[in-house]
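Residue numbers (the working numbering), protein chains in the order written: chain A, 1193 to 1496; chain B, 1193 to 1496; chain C, 1193 to 1496.
To be clear, the hints were calculated from the coordinates, so they are not data collected in a lab.
Some hints here could point you the wrong way.
Each pair may be met inside one copy or between any two copies, as identical chains are not told apart.
What the hints assert, rightly or not - For lysine to aspartate or glutamate, the following EDC-like pairs were computed, each having C-alpha atoms within a straight-line distance of at most 16 angstroms:
no., residue 1, residue 2
1, Lys-1225, Asp-1292
2, Lys-1469, Glu-1280
3, Lys-1206, Glu-1223
4, Lys-1225, Asp-1196
5, Lys-1400, Asp-1464
6, Lys-1432, Asp-1287
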Amino acid sequence: MNRDVLSTLSIPRKFYEDLFRETDGLKKRLERKSALGLCSGRVLATIFMEPSTRTRLSFQFAMTKLGGAVVDFGPLESTSTAKGETFEDSMRMIDGYSPDVIVVRSKLEGAARNAAEICSAPVINAGDGSNEHPTQAMLDLYTIQKTRGKIDGLKIGLMGDLAHSRTTSSISYGLDKFNHVTIYYIAPPELQIRSEVASLLKNVKVEKTDRYENVINDLDFLYVTRLQKERFNNTSEYEKLKGSYQLNRTSLSQFERLPFIMHPLPRVDELDPDLDKLPAAKYFEQAKNGVFVRAALLRRIISN
Amino acid sequence: MNRDVLSTLSIPRKFYEDLFRETDGLKKRLERKSALGLCSGRVLATIFMEPSTRTRLSFQFAMTKLGGAVVDFGPLESTSTAKGETFEDSMRMIDGYSPDVIVVRSKLEGAARNAAEICSAPVINAGDGSNEHPTQAMLDLYTIQKTRGKIDGLKIGLMGDLAHSRTTSSISYGLDKFNHVTIYYIAPPELQIRSEVASLLKNVKVEKTDRYENVINDLDFLYVTRLQKERFNNTSEYEKLKGSYQLNRTSLSQFERLPFIMHPLPRVDELDPDLDKLPAAKYFEQAKNGVFVRAALLRRIISN
Amino acid sequence: MNRDVLSTLSIPRKFYEDLFRETDGLKKRLERKSALGLCSGRVLATIFMEPSTRTRLSFQFAMTKLGGAVVDFGPLESTSTAKGETFEDSMRMIDGYSPDVIVVRSKLEGAARNAAEICSAPVINAGDGSNEHPTQAMLDLYTIQKTRGKIDGLKIGLMGDLAHSRTTSSISYGLDKFNHVTIYYIAPPELQIRSEVASLLKNVKVEKTDRYENVINDLDFLYVTRLQKERFNNTSEYEKLKGSYQLNRTSLSQFERLPFIMHPLPRVDELDPDLDKLPAAKYFEQAKNGVFVRAALLRRIISN
Chain A
1193 MNRDVLSTLS IPRKFYEDLF RETDGLKKRL ERKSALGLCS GRVLATIFME
1243 PSTRTRLSFQ FAMTKLGGAV VDFGPLESTS TAKGETFEDS MRMIDGYSPD
1293 VIVVRSKLEG AARNAAEICS APVINAGDGS NEHPTQAMLD LYTIQKTRGK
1343 IDGLKIGLMG DLAHSRTTSS ISYGLDKFNH VTIYYIAPPE LQIRSEVASL
1393 LKNVKVEKTD RYENVINDLD FLYVTRLQKE RFNNTSEYEK LKGSYQLNRT
1443 SLSQFERLPF IMHPLPRVDE LDPDLDKLPA AKYFEQAKNG VFVRAALLRR
1493 IISN
Chain B
1193 MNRDVLSTLS IPRKFYEDLF RETDGLKKRL ERKSALGLCS GRVLATIFME
1243 PSTRTRLSFQ FAMTKLGGAV VDFGPLESTS TAKGETFEDS MRMIDGYSPD
1293 VIVVRSKLEG AARNAAEICS APVINAGDGS NEHPTQAMLD LYTIQKTRGK
1343 IDGLKIGLMG DLAHSRTTSS ISYGLDKFNH VTIYYIAPPE LQIRSEVASL
1393 LKNVKVEKTD RYENVINDLD FLYVTRLQKE RFNNTSEYEK LKGSYQLNRT
1443 SLSQFERLPF IMHPLPRVDE LDPDLDKLPA AKYFEQAKNG VFVRAALLRR
1493 IISN
Chain C
1193 MNRDVLSTLS IPRKFYEDLF RETDGLKKRL ERKSALGLCS GRVLATIFME
1243 PSTRTRLSFQ FAMTKLGGAV VDFGPLESTS TAKGETFEDS MRMIDGYSPD
1293 VIVVRSKLEG AARNAAEICS APVINAGDGS NEHPTQAMLD LYTIQKTRGK
1343 IDGLKIGLMG DLAHSRTTSS ISYGLDKFNH VTIYYIAPPE LQIRSEVASL
1393 LKNVKVEKTD RYENVINDLD FLYVTRLQKE RFNNTSEYEK LKGSYQLNRT
1443 SLSQFERLPF IMHPLPRVDE LDPDLDKLPA AKYFEQAKNG VFVRAALLRR
1493 IISN
């Protein structure tokens, strides 16, 4: 049985429905501290070859709260990577230590799939370059489901640096498994969703625009993403664009009704903190859901 | 109920008395390995935005020995701070993951208070710039109490870089809650205790001098601190002063009777290792007490 | 009783025999997840002052799987070492926190012995400069024993940068405790085994050569090591030599029968990945054995 989690492309709707129900149940148990024995004696290996806070910490909190242990590969400069070891050798070595699950982030597209081919332990892709970040999509969809009670029929705007965003690829493939969903890709032409992503969507209706003002009144959710400075080859292009998609109370005051606002975080300038107290702001709740959704996923993988 | 530990300014004498009694009891249990269940299922989040060994490790040892788990935010360059995330957003995110206690160190004064305003979890200040380091004061006072059986009536010299030292601020406010204590601030004028610290002391008698030789015969304890190179704007000023307060067997041999010597550690040049075997040298015992005092504090906060 | 593990020089044959039997038993229990309680309530402190992946992670996996906890000193730049603290003070501090075992790696020869003199907790040398790495030798010898069912009478080639390798020193002293073993040191003259190592061998037969082709047909095992770039003073010398000892299918195709190939890993260019699937390639199994052997060692030290 394949227990790897590499991409949302092949994850069916039923998987989300089951996972969300399990997340609800586990959340209650975690709040009562009664979930503790679920992963005792189990070890999660976390390997982050790019900076991460939210994903790494939420996996560590999830595993710890289930009573399991975490062994972290550590920052690159403290590891054999500094001595010239290949990714393949590092993964094979870690797999040899028999972790129950391996979580891996890399700046290279396909790294997690590569790892999964090498490892006998289940591998979770925690972000591979601009490609995918499937557990982010799971917590995003969970947040949408909890906020609106459904995903079918919703209109979701994905805004910002879509060209370099693994988050928006993964959530797009996820939304595509639900019915009558419309995705509005909101970005300047040079940062629009990659055609290889859009071409894989079969079910959702797709709209593209370069201005959120054009579509905001139609949206149920506006999902904002960071311009990923580290993925630009050219700093001046980054500087020119970064101001174009900044939301704040002033810029939003012209609209009668706001969609729910989401963001995978971290944010830089694109969401002003003056929005944080609006009932529409769901991004901190979204981050919080990361622990519960990932705990449910870990438990499911480990008990399979 | 406020369970944050941000400053010693507002901590009453009774708090120390209770904490020290609890520390004594817990120390015995830790030595017998029978304290293990006290924090099982609990998670401590440690966030060190400045280098730390003693404080970070002693909190991690304390929590681990109580049977709890630790999730560390990790070095700054591995986190979202490297992507431009604000301190406020990082704290809000971590708090969303529901740790049982958050320990935070920052180079910015007021950072822990800022964190406590954002977080629903209890926040312990593990050092905020030159401002305060309250758990250091707790273990310092515990060490004084265990060494002399009392704090009331003692004469304590605080020497070194008082201007930049959060340690001496916090212990000063702590000593101020006891009776008939005299604090001798021993430093050159440019490194003397900040007037905003001294002005908050109500109970202790305060003396200032620039030479320890003037007062050493009166002291029960001489508490030495490191010149904090990283807080000087000007390296030449640092170089000029660093030699002025170096203690060794030769410099101390002229005195008939030595006070107990304390130091928050790490030391650089200010305490020669030739002093380490003197019965008066209490600084390694002081460091060791850090685990017990912090364990007692964590347990108290978590069981409240 | 001395529970430190600093060098293989003084470890008798009986120690290995017992350890290997305990490793076999523990391996079965770890695979059934029934070893979990063996170190519960115990804390391992890991201190790596040089980059490490395999050694650090395998100790962390070993302790975690025994149900114990690990506190890691962290990367140097996050610690008091960055503030100028001496190694001696750091070790004394950590020992004061009462870990059950301390594992230490340093770039300085003798660092672990120095630590053991300071610490009351048992100290395991996880590599001290070019000197020794005794637990690597234990897992190497375990791998040889499991592969051939014996160590006595075998012919072992140690190849590569023997002059700078702590691994080959430690395994040499280990092999020297068995009977009728021949060690072939295979290296150019400038990288040959140090005379102070060879002079300590009493029991093994020693041969030296600069070409593996001369001896490969006689070998039971060919143990390859990395040129340790970080130990060369002169980069051009490193570049000149690194190609001389690269093994791949082509270079090995001329030999009728291959010895088992071992390597402490990480490898850089010296072993081509095209060898990995050969039945003779034992280096990943060797790495995997690290967790089991170190778990058996930790358990033995802790239960003594």
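Okay, the hints, checked on the actual structure:
1. Lys-1225 / Asp-1292: between (22 angstroms within a copy, 11 angstroms between copies)
2. Lys-1469 / Glu-1280: For Lys-1469 and Glu-1280, the Cα distance is within 16 angstroms only across copies (14 angstroms; inside one copy 45 angstroms).
3. Lys-1206 / Glu-1223: neither (26 angstroms within a copy, 33 angstroms between copies)
4. Lys-1225 / Asp-1196: This pair counts as neither: shortest intra-copy Cα distance 28 angstroms, inter-copy 22 angstroms.
5. Lys-1400 / Asp-1464: Cα proximity of Lys-1400 and Asp-1464: none, with 24 angstroms in one copy and 49 angstroms across.
6. Lys-1432 / Asp-1287: Answer is neither; intra-copy 44 angstroms and inter-copy 34 angstroms both fail.
In this structure, the hints that do not hold are numbers 3, 4, 5, 6, in rising order.
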